[in-house]
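Between the sequences and the hints, there should be enough to build the whole structure, so can you do that?
Protein chains in written order, with this note's numbering: chain A, 1 to 112; chain B, 1001 to 1111.
Read the hints as simulated data drawn from the structure, not as lab findings.
Just so you know, not all the hints are guaranteed correct.
Unchecked claim - Taking lysine-lysine pairs in the DSS-like style, the calculated list, with each CA pair at most 30 Å apart, reads:
1) B:K1057 / B:K1042
2) A:K78 / B:K1071
3) B:K1071 / A:K100
4) A:K98 / B:K1042
5) A:K57 / B:K1110
6) B:K1068 / A:K83
7) A:K100 / B:K1042
8) B:K1071 / A:K98
9) A:K83 / B:K1057
10) A:K83 / B:K1042
11) B:K1110 / A:K98
12) A:K57 / B:K1068
The structure presented is a predicted model; accordingly, all values stated were derived computationally and were not measured.
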Amino acid sequence: EPEVTQTPSHQVTQMGQEVILRCVPISNHLYFYWYRQILGQKVEFLVSFYNNEISEKSEIFDDQFSVERPDGSNFTLKIRSTKLEDSAMYFCASSEQKEKLFFGSGTQLSVL
Amino acid sequence: GENVEQHPSTLSVQEGDSAVIKCTYSDSASNYFPWYKQELGKRPQLIIDIRSNVGEKKDQRIAVTLNKTAKHFSLHITETQPEDSAVYFCAASIYNNDMRFGAGTRLTVKP
Chain A
1 EPEVTQTPSH
11 QVTQMGQEVI
21 LRCVPISNHL
31 YFYWYRQILG
41 QKVEFLVSFY
51 NNEISEKSEI
61 FDDQFSVERP
71 DGSNFTLKIR
81 STKLEDSAMY
91 FCASSEQKEK
101 LFFGSGTQLS
111 VL
Chain B
1001 GENVEQHPST
1011 LSVQEGDSAV
1021 IKCTYSDSAS
1031 NYFPWYKQEL
1041 GKRPQLIIDI
1051 RSNVGEKKDQ
1061 RIAVTLNKTA
1071 KHFSLHITET
1081 QPEDSAVYFC
1091 AASIYNNDMR
1101 FGAGTRLTVK
1111 P
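Here is the structure:
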């Protein structure tokens, strides 16, 4: 069964550094998302992406965040200047018809 | 924006009993309500979903009911098994736009 893949599985960075989280959505999916989950808390929506542009973003997704689909397969989340509170599990998800999200296995980001 | 409330936060049942998790939503325009199961350290996985034009949906031991008037929906798991132990999240959205999740329910099924 096709899966959303994410790399790296763990990322440790120093506060103020830039990180790029990578995702390969399921190949025939058209809608892409980033969510995050702080340990023990709910899954929080960050951004949705369709047709090479952001379609929705939450209040969490401020100017330090950006997303890109640099080629036909990858979907990236960049955090420009990481803060301690950015430490979380970041999930990429994709869907074919704007329903039934398929989540990747996540990238655990630790900001020190 | 949409606000989803979920309860209980923890639920413990004996194997074979039923479990019910309830969610309420605030935006009457929401029309898609999925449920996700997340095992420890794993990704959330869709287990069942329902659209607003349907009142109930069942898939083997899992069922979801929706009350649009009251803006609440529930997950029912019958004949629970230890492998049902996980965190369950409800969510609500208008076609996955800005999908909002509930805070999660940690279900423990005791053998």
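**Message:** Run through the hints listed earlier and report the numbers of any the structure violates, in increasing order.
**Reply:** As far as the earlier hints go, 2, 5, 6, 9 and 11 are violated by this structure, in ascending order.
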